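S.K.: Residue numbers (the working numbering), protein chains in the order written: chain V, 667 to 1258; chain W, 859 to 1100.
Worth flagging that the hints you see were computed from the coordinates, not collected in a lab.
Model, not experiment: these values are computed from the prediction.
Just so you know, not all the hints are guaranteed correct.
As the list claims (entries may be wrong) - Here are the simulated DMTMM-like pairs of lysine to aspartate or glutamate, each with C-alpha atoms no more than 20 Å apart in a straight line: (1) V:Lys-704 x W:Asp-962; (2) V:Lys-1124 x W:Asp-962; (3) V:Lys-858 x W:Asp-1079; (4) W:Lys-934 x V:Asp-1095; (5) V:Lys-858 x W:Glu-1084; (6) V:Lys-871 x W:Glu-1084; (7) W:Lys-934 x V:Asp-1091; (8) V:Lys-670 x V:Asp-947; (9) V:Lys-858 x W:Asp-1076.
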Amino acid sequence: MNTKNADAIIVGAGWAGTIMAKELTEAGLSVILLERGKEHTTAVEGAYPDSIDELRGAVRKRLFQNLAKTTVTIRNTIDQTALPYRQLAAFLPGEGVGGAGLHWSGVHFRADPNDLRLRSAMEERYGKKFIPKDMNLQDYGVTYEELEPFFDKAEKVFGTSGTAYTVKGKVMGDGNVFAPDRSSDFPLPAMKDTFSASTFRKAAKDAGYHPYSLPAANASQPYTNPYGCQMGPCNFCGYCSGYDCYLYSKASPNVNILPALRQDKRFKIIANAHVLRVDLDGSKTKATGVTYLDTTTQKETSLKADLVILSAFQFHNVHLMLLSGIGKPYDPVKNTGTIGRNFVYQTITTSRVWLPENSYTNQFVGAGGVGVAIDDFNSMNFDHGPLGFVGGSPVWVNQAGMKPIAAALGTGGHGTPRWGAGYKDALVDTYKHSLAIDAHGSNMAYRDVYLDLDPTWKDAYGLPLLRMTFTWKDNDIRMNQYVVNKIAPIARAMGATKVSLNHLEFGQPFDTRHYQTTHLGGGAIMGDNPQTSALNRYLQSWDVSNVFVIGSNAFPQGMGYNPTGTVAALAYWSAHHIRTIYLKSPGPMVQA
Amino acid sequence: MVKPDPTSTPKPRFTLPRRSVTSALLGTTAFWLTQPSTSVSRALAHEAAEAPYKPEFFTAEEYSFLTAATERLFPKDHNGPGATELGVPEFIDRQMQTPYGVGDNWYMSAPFQEGPANLGYQLPLVPRALYRRGIAALEQYVLQHYGKNFAALSAQTQDTILTALEGGSIQLHDIPGRTFFEQLRTNTLEGAFSDPLYGGNHNLGGWLMLGFPGARADFMDWVNQEGAAYPLPPVSISGQTA
Ligand SMILES: Cc1cc2nc3c(=O)[nH]c(=O)nc-3n(C[C@H](O)[C@H](O)[C@H](O)COP(=O)(O)OP(=O)(O)OC[C@H]3O[C@@H](n4cnc5c(N)ncnc54)[C@H](O)[C@@H]3O)c2cc1C
Ligand code: SF4
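Generate coordinates for the entire structure from the input sequences, incorporating the hints supplied.
M.R.: Below you can see the structure in the form of structure tokens.
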């Protein structure tokens, strides 16, 4: 009677979901992948020239989550009423086959080894007292050495372009001196520097820093990945972020995994399938499958499977856990429960540098993952002792292809006019001669920053929205200000005629109205203690052992680096242990 | 001209064989496109000169407000054309007839409750309603204070009013002046710089000002030219050149 529909059901067809689907079908399992959005293919909506339309793309947001169906509520502090996030702005979750992996930029990092064990590393260097009391600083429970083969595998699947510093302990080239050792080189050589990036590289080097090429999942050369999927060389068209690369040059689940996966008879993908909950048995310790709504027919269907993988993106994973009753919801007052705990973000501020009028930065030229960065103020690469904060920021020029509407909307303010004749002068000058330098930093976890279910607002399916309680804390503001101040001398050395340094301000709460980043993290974190983490080191739920939850929800704190390289490595790491341990003897892989 | 379909993505104002556009721009084989493309841009210029756009969403009064206000936000000057010449009012009128006009991807479920500004937009109004009510309330305010419609005021007075809206010192019944201002500013700039297929950026005037090459989207040879300006003029998605 208990006839299952598949061995495994996977929720969400982004990077995490498609990697898990590929791994599990390779292991011989039948897999159903459910995706709430529609199919997306390069040949149809991704095709040139219709796809490179700024208004329809990044502005009207054709590839992003439709908030009319479901959104979140947001407040800064526990005593406020959270209000719905009604218009996409601060972060842009994906929807449809490929998820945000279709419209991401492509900066592809491996986590810094210290960031994976930040509490231990900080305590070892600065003592236990250094960590503020309400900061929930935690280790991942997995080390860089353990993850290395999976970082390596992800880079080979993504066709990542970069310059290694060391491979197997041997110095290879002009890579990031702070980067950990690698078992093999990047599959493709680094992308070229744009003019803005090369100017930054020179100035940063002269200032005694250690510039390196950002690792980019934008192909610098033609490439065929281990799955046989092909990429063409990137032409710096500048339509990565918010778009579907028409040249098949930016890594995406759609280009790098699905073409192989779709050929496997054990694999089935169902689009327009919005998963409402994971179904549990009476004991609440075992999942029986999931229930989804077909959003085209409005028909609800329950599917049964032995294994359920949540890969619906960071906060959707937490939402589904809360809606399904997986684990114990976090309570910040009592400091109990784990689902919703350690919700984190990143501190991103963009400063602007104007070069002389005979220098054209041609900001429309670029690619999402390319640029030059320094890590001298990232992670634990500098002395935090006298500074008294935890965390850090890479600093970089990442000219991803600035479009005119974005440039126009962003010009003005900070004392310059936002409209009228003076505004037009500023816009033309800024567009032609300026460049951006980002401080792309960490964000720590705090006891009163978390996720839970909203008491008032509901989604289109009648379910309570997820509620975010989030604001900037002094530790992270101090870190951001410290790093941003390092930009001024570099900018001067670049020959700047004007610099506008932007940083977080004390007392200024998180503002939902301006895009910052979609690098949300935590909420269902991994760790070695079921009291303080939702998942064990294999991303298996401590509470429901046949549920694995893959995504940046697993990060105990927000790191300075972009998350996807680590999400992909964690997916491969988890899948490897499902294949080699769990499938042989299903049950908890770590005893609580 | 194709009539906009309010229920789907905006359609281009004319259609061209896509494949050949692609070929021409990627520099593979530039066969017969050159001819149709030039005649289309000529036809366009002709159309713009001959037949002024007739708004379908906005009333004539609303449209004259929109025309006057957007020109102040984005005036014609030594940098290039202003909002009127670029077709910004036309762009906004057409946008009101797309799913965007009815806030199709906004979360519009009740209850609606105001909160701190940093928690974002909380009004129960979609763009169409914001314009309809906002313009009516503003014209009422202007009539009371200046005895004329907005469009009949001097540029200087118009600027004073726009500044007050931006600064938040005018409330438009249930709409904060600032909210209305931001909607108008955003749509004005979108109209100046989006692909001409949406009715604005006439003759690619917005892109020419910025040196943005439009749909070229291939910069393999221009990644780093040591700060030289990109040499080619813009081209639109439909193949219109400037
Ligand atoms: C503009 C932009 C640029 C970015 N650039 C970078 C970058 O340069 N580098 C980097 O590292 N990261 C970047 N990111 C972040 C990156 O996109 C994400 O980290 C990554 O895509 C996450 O992968 P995922 O598989 O966890 O989630 P997603 O890709 O979001 O996939 C989750 C999928 O689950 C589906 N889903 C959600 N809920 C349900 C449900 N209830 N039922 C069924 N399906 C559901 C969603 O529709 C979605 O398709 C960027 C993000 C954005 C928006
Ligand atoms: S910049 Fe390169 S990777 Fe990005 S969309 Fe264009 S061709 Fe693709």
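S.K.: Any hints from earlier that this structure breaks? Give me their numbers in increasing order, please.
M.R.: Per hint list: zero violations.
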